[in-house]
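**Q** Spelled out, the chains give:
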Amino acid sequence: MSPPAMPTKEKTTAPALAVNGLSLPPPQLHPKIQLEEEQENQEHPSGLLDSIMWMAAPKKRRTIEINRTRRRAESKLIKVKNNIEPCLECGHLKQKHVLCGFCYAKVSRETGLIRQQINAMEGGPLRTPTVETVVLYEGETPSTQDKDKRIVERPRKRPAWFSY
Amino acid sequence: MRLTLRALVSHGRLARRMGLGPESRINMLRNILTGLVRHERIETTWARADEVRFYAEKVSGGGDVDEKAMKMASFWLTEKDLVPKLFKVLAPRFENHSQGYTRMARLPNRENLDRAKMAVLEYKGNPFPPLYPVKRENELTLINQLLKGYREEKTKDVEEL
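Listed in order, the protein sequences are those of chains R and C. Using the numbering used here, you'd call the opening residue of the first sequence number 1 and step up by one each time. Using the numbering used here, you'd call the opening residue of the second sequence number 1 and step up by one each time.
So here's chain R without its partners, still in its complex pose (with noise of 0.2 angstroms):
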């Protein structure tokens, strides 16, 4: 595209008077378009042409009553629990329809003590016999009803929580 032509200027029709850096404002054409214009420069540089008062705000300060009527109602403190009673083996507090974390750790310890015995009797992963398992402390003989069972030695006086 070539540039837009130019028109052609006669050298005789340059302006009579030059100044350089205009500080006054542009002309105005009419005194109320004036007025509006700095109304709307006043308001809000983004332009919203409704009413000023737009944003919410509390009027007033919240008394300390009202507050502490909101940040202690029922529904925001903390339930009192009824359920938690000590646990009849050790006495540490559990709830009624939860396991006894103690006792829990207690029996879990062992489980883990005689998990470690059957690997160790396995020898290697993937290795379950298709035998039931028994689990027998020091000094203890298998009975008739363990006859066919893999027996697991447990190097320790049989715990008073152990026994069927």
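Among the clues, some could well be false.
Think about it this way: if two alpha-carbon atoms lie no more than 16 angstroms apart in a straight line, the pair counts; the simulated EDC-like pairs of lysine to aspartate or glutamate are [said to hold, decoys possible]: (1) K135/C with E89/R; (2) K88/C with E132/R; (3) K117/C with E43/C; (4) K88/C with D148/R; (5) K85/C with E122/R; (6) K85/C with E132/R; (7) K85/C with D148/R; (8) K157/R with E140/R; (9) K124/C with E132/R; (10) K58/C with E111/C.
Derived by calculation from the structure, the hints in this document are not laboratory data. The structure presented is a predicted model; accordingly, all values stated were derived computationally and were not measured.
Chain C: place on chain R using the hints.
**A** This is chain C only, laid out in the frame that chain R set:
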């Protein structure tokens, strides 16, 4: 016009969604079931234990060993050395039980940041120490000591007569 609305809330819906979809859920339950059959007592989250319980009872309850049962067992147990254990150890163990081969108990919440609801799931008749303490009579309570003394006196009187 639609007369019924499918509610956004899941009130009364019993099918749980786990993992990345139904296939992922079945794979996850398969892994947990394999662990249960191997170790006979496992600790997981309560929701997973509840889901696995149904499958654990279905898998270990079957007595007959036909082609279909073998295929099901080989699908559900990812470690193939447990398939003979299932048919030779678990199935005979539960012959006399009609239902209820597993026991599930709630544990205290996990110690992590998530405080997840945990449960322990075990097959009945496992060789490990029991979860619930066996009720034992205490000889050293006052009433038991008095009754013991009474019984001894009675036997002494009978001997004297």
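**Q** Each hint: holds or not?
**A** Outcome of the hint check:
1. K135/C with E89/R: With a Cα-Cα distance of about 10 angstroms, the restraint between K135/C and E89/R holds, given a limit of 16 angstroms.
2. K88/C with E132/R: OK: K88/C and E132/R at ~9 angstroms, within 16 angstroms.
3. K117/C with E43/C: 11 angstroms, holds
4. K88/C with D148/R: OK: K88/C and D148/R at ~13 angstroms, within 16 angstroms.
5. K85/C with E122/R: 14 angstroms, holds
6. K85/C with E132/R: Since the Cα atoms of K85/C and E132/R sit roughly 9 angstroms apart, the hinted pair holds (cutoff 16 angstroms).
7. K85/C with D148/R: OK: K85/C and D148/R at ~15 angstroms, within 16 angstroms.
8. K157/R with E140/R: 10 angstroms, holds
9. K124/C with E132/R: Between K124/C and E132/R the Cα gap is close to 12 angstroms, so the pair holds against 16 angstroms.
10. K58/C with E111/C: Violated, because 32 angstroms separates the two Cα atoms, which is more than 16 angstroms.
The structure does not agree with numbered hint 10 stated previously, though it agrees with all others.
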